[in-house]
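Colleague: These are the residues of each chain, in order.
2 protein chains.
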Amino acid sequence: MKAWIVAVGSELLTPFRVDTNSLAITERLNAIGCDVRLKLVVGDDVDELAAVFARGIGSVDVIVCTGGLGPTEDDITRDALVRVLDVPVDVDEAIVDHIRQRFERRGLTMQAINRRQAMVPRGAVVLQNSKGTAPGLWIERDGTSVALLPGPPREMTPMLEALIAERLGPRSGGAGVFRRVLKITGRTESDVDARAQPIYSKWAASPVPISTTILAVMGQIELHLSAAAPSRAEGDHALEMAVRELVEGLGSVVYSVDGRSLEAVVGDLLRSKNLSIAVAESCSGGLLASRLTDVPGSSDYFERGAVTYSNQSKVKWLGVPEALIAEHGAVSEPVARAMADGIRTRAGSDVGIGVTGIAGPGGGTPEKPVGTVAIAVITPAADHVRTFQLLGGRDLVKFQSAQAAMNMLRLMLLDA
Amino acid sequence: MKAWIVAVGSELLTPFRVDTNSLAITERLNAIGCDVRLKLVVGDDVDELAAVFARGIGSVDVIVCTGGLGPTEDDITRDALVRVLDVPVDVDEAIVDHIRQRFERRGLTMQAINRRQAMVPRGAVVLQNSKGTAPGLWIERDGTSVALLPGPPREMTPMLEALIAERLGPRSGGAGVFRRVLKITGRTESDVDARAQPIYSKWAASPVPISTTILAVMGQIELHLSAAAPSRAEGDHALEMAVRELVEGLGSVVYSVDGRSLEAVVGDLLRSKNLSIAVAESCSGGLLASRLTDVPGSSDYFERGAVTYSNQSKVKWLGVPEALIAEHGAVSEPVARAMADGIRTRAGSDVGIGVTGIAGPGGGTPEKPVGTVAIAVITPAADHVRTFQLLGGRDLVKFQSAQAAMNMLRLMLLDA
Chain Y
128 MKAWIVAVGS ELLTPFRVDT NSLAITERLN AIGCDVRLKL VVGDDVDELA
178 AVFARGIGSV DVIVCTGGLG PTEDDITRDA LVRVLDVPVD VDEAIVDHIR
228 QRFERRGLTM QAINRRQAMV PRGAVVLQNS KGTAPGLWIE RDGTSVALLP
278 GPPREMTPML EALIAERLGP RSGGAGVFRR VLKITGRTES DVDARAQPIY
328 SKWAASPVPI STTILAVMGQ IELHLSAAAP SRAEGDHALE MAVRELVEGL
378 GSVVYSVDGR SLEAVVGDLL RSKNLSIAVA ESCSGGLLAS RLTDVPGSSD
428 YFERGAVTYS NQSKVKWLGV PEALIAEHGA VSEPVARAMA DGIRTRAGSD
478 VGIGVTGIAG PGGGTPEKPV GTVAIAVITP AADHVRTFQL LGGRDLVKFQ
528 SAQAAMNMLR LMLLDA
Chain S
128 MKAWIVAVGS ELLTPFRVDT NSLAITERLN AIGCDVRLKL VVGDDVDELA
178 AVFARGIGSV DVIVCTGGLG PTEDDITRDA LVRVLDVPVD VDEAIVDHIR
228 QRFERRGLTM QAINRRQAMV PRGAVVLQNS KGTAPGLWIE RDGTSVALLP
278 GPPREMTPML EALIAERLGP RSGGAGVFRR VLKITGRTES DVDARAQPIY
328 SKWAASPVPI STTILAVMGQ IELHLSAAAP SRAEGDHALE MAVRELVEGL
378 GSVVYSVDGR SLEAVVGDLL RSKNLSIAVA ESCSGGLLAS RLTDVPGSSD
428 YFERGAVTYS NQSKVKWLGV PEALIAEHGA VSEPVARAMA DGIRTRAGSD
478 VGIGVTGIAG PGGGTPEKPV GTVAIAVITP AADHVRTFQL LGGRDLVKFQ
528 SAQAAMNMLR LMLLDA
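As given, the protein sequences belong to chains Y and S, one line each in that order.
Numbered according to our numbering, the first sequence spans residues 128 to 543.
Numbered according to our numbering, the second sequence spans residues 128 to 543.
The set of hints was computed from the structure by calculation and includes no laboratory data.
Don't take every hint at face value.
When the alpha-carbon atoms are kept at most 27 Å apart in a straight line, the in silico DSSO-like pairs for lysine-lysine are as follows [to be verified]:
id, chain 1, residue 1, chain 2, residue 2
1, S, 400, Y, 443
2, S, 443, Y, 400
3, S, 443, Y, 443
Beta-carbon label-pair distances, calculated as ranges [stated by the list, open to error]:
id, chain 1, residue 1, chain 2, residue 2, range
4, S, 427, Y, 493, 15 to 25 Å
5, Y, 329, S, 240, 17 to 27 Å
6, S, 331, Y, 253, 50 to 60 Å
7, S, 368, Y, 308, 47 to 57 Å
8, S, 240, Y, 364, 33 to 43 Å
9, S, 398, Y, 448, 25 to 35 Å
For every residue, glycine included, the Cβ atom is placed at its ideal position computed from N, Cα and C.
Construct all of the structure, not just a fragment, from the sequences and the given hints.
Modeller: Dropping the structure here:
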């Protein structure tokens with residue numbers, strides 16, 4: 128099956144908003160073997176949208192269209208479709224009642240304008256919207272199924288799920304494109320590709336072909352595997368073999384094969400080993416603590432964090448010897464080690480981390496350029512310190528510092 | 128002028144990537160009065176893309192197309208355009224030389240495949256790419272100007288600027304759509320709209336009409352003003368009047384009219400008043416420190432931060448009396464006040480902030496539900512403490528806690 132995804136709304140043609148509904152729609156369509164060939168964004172312009180419908184109907188199997196189903200004159204999706212289908216429109220009094228009840232439950236009175244939302248092109252099926260007033264519509268013409276869904280994601284998503292489960296999924300006979308994502312840190316894109324390519328290149332010709340895409344985001348690498356399979360079971364089976372082979376080939380640089388973030392992976396390791404943690408940060412400026420505490424339930428293992436930007440705070444709060452800073456500089460392995468030790472002792476935690484570096488844009492020197500970051504991790508079993516040379520602007524250095532610190536801890540906990 | 132923006136690349140039809148180039152392109156096109164009517168995303172499929180070109184050429188003034196200009200067989204943009212134009216293709220040896228030199232400067236040898244990038248449809252103008260090997264192309268046919276630009280933003284952006292300055296801008300005669308963004312915190316969307324609507328509703332009919340859009344992002348409100356004006360000077364003049372009227376009407380809830388983030392605004396206030404700051408956080412988990420230190424140069428005023436998740440760390444590190452926690456609970460105004468005072472005293476800073484709350488999803492009670500956050504701010508001149516009821520999931524509560532704390536400080540510094 129081939130599909131188009133159409134997003135309607137003039138705000139999506141401004142410099143401020145991208146259509147993101149299409150990502151979730153693509154994922155669900157792919158999972159039932161439906162290939163997205165074209166994505167379009169159209170303003171609140173009935174002529175433009177009618178032209179899009181006219182071109183798509185009869186040429187693709189499915190058109191999923193989001194937005195433009197509200198009650199105002201700007202909401203032109205229904206009108207554009209009706210113009211192309213050239214069918215009469217009926218007001219569905221059941222929908223009017225449903226909308227009226229939604230308003231009344233909130234103590235409000237339905238406006239006459241909302242009757243527009245109850246207009247149904249003859250031959251269309253109404254798709255229930257449990258989260259809002261705008262119902263969806265589903266109509267078939269010339270071999271093309273057209274689905275109109277509302278734009279707000281919280282309304283759109285459950286309606287999409289119902290559409291897939293009840294109408295589109297059964298057509299696929301269980302076939303689809305199934306996916307896995309491997310997340311990797313501490314390696315470059317080209318390094319990961321050099322190791323992974325001999326593994327994944329074989330899969331293009333296997334009975335369940337698997338295609339592999341490598342993506343670099345914020346200095347981190349993701350491998351996206353897609354298997355086109357006749358059933359979910361066969362897809363899952365092929366993908367599990369593939370993931371196992373890649374993890375064997377790449378080793379422990381793979382930190383997640385199930386979508387978990389690095390902070391969640393580290394949090395699960397800490398919880399399973401019953402270890403508490405405290406962190407002392409300079410260049411990462413609190414981002415390490417913030418990411419560790421992004422995980423629900425992290426208060427079970429996160430004891431405290433210190434953001435010691437000034438030298439004075441490193442000395443007075445963490446007990447870093449002034450002589451150490453004078454001798455090696457604030458950005459150095461001995462100071463990172465003393466920060467980790469200082470926070471661990473003061474917090475009485477099992478794990479201590481110290482991060483000190485130069486986030487930029489200022490502060491670099493020829494010996495210690497922007498992006499130089501020293502990280503120390505102390506666990507009950509081991510004590511590691513390393514210096515990284517990170518690339519990118521201030522945000523990226525902060526992010527990668529936190530990432531490198533968590534990854535060092537992860538590898539040490541896996542070893543222990 | 129009317130434009131289409133076309134993004135080419137199969138990765139943009141997966142669930143993992145959105146086209147974001149189109150936002151920058153829209154902004155630059157709007158600024159020269161060119162209206163974006165349609166955005167399309169096409170895979171690496173020469174038939175689909177040729178069909179898009181065939182529909183667009185002759186029906187819009189400008190088509191800006193990004194991606195698909197690389198050297199591999201997947202890169203089909205040039206081929207699709209040539210098919211529609213039906214012109215011969217010449218290899219431009221000057222481009223071949225340019226590509227060869229780029230490779231040689233990096234100690235690499237140009238592959239034969241890269242000659243594809245030097246293929247120029249007859250009648251097209253070559254657009255120089257200073258950041259990569261793929262040159263752009265510009266061709267006019269049937270009243271439509273077609274620009275092909277590479278996909279990577281760092282290559283695309285300077286080529287877009289040159290295109291606007293040298294080719295498209297001069298056609299506009301200086302007319303364009305000019306913009307301003309007002310950022311607001313501490314008010315709901317409906318509250319901002321109720322106050323702003325009587326002000327901005329007049330502008331639709333003014334000599335330089337200004338349209339206003341209200342956006343809510345992460346619980347924060349933005350007002351986007353767009354003026355369609357015959358010249359930049361007239362646009363700027365109308366927008367400056369408009370911004371002034373809105374700021375007068377809305378008051379100090381407007382924290383930025385020039386794109387600056389709240390952390391940058393607060394940082395500038397601290398710097399101008401020569402004040403240092405230290406923060407103690409519980410529920411925001413380091414995000415307040417991390418955002419304050421996102422600003423380049425923040426080490427000038429940021430002294431330290433404490434992420435005191437455990438009660439013990441609040442007591443031992445910040446000197447919060449245990450009795451205070453026992454009496455009022457860790458999430459309370461007296462504890463927030465003691466945290467602010469404790470960090471300020473220990474850091475010897477001018478400003479101290481204490482944030483304590485329940486980020487969720489666990490930990491809420493009927494009296495103190497998830498989203499209850501107490502914030503205290505102490506400056507040399509004043510001492511404020513307030514309790515907020517924030518909505519949303521853990522991420523949103525963390526973000527809004529940091530936002531509310533910075534906004535309290537901003538208002539206190541403006542008063543002082």
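Colleague: Can you give the numbers of the hints that this structure goes against, from lowest to highest?
Modeller: Hint check: 6 fails alone, others pass.
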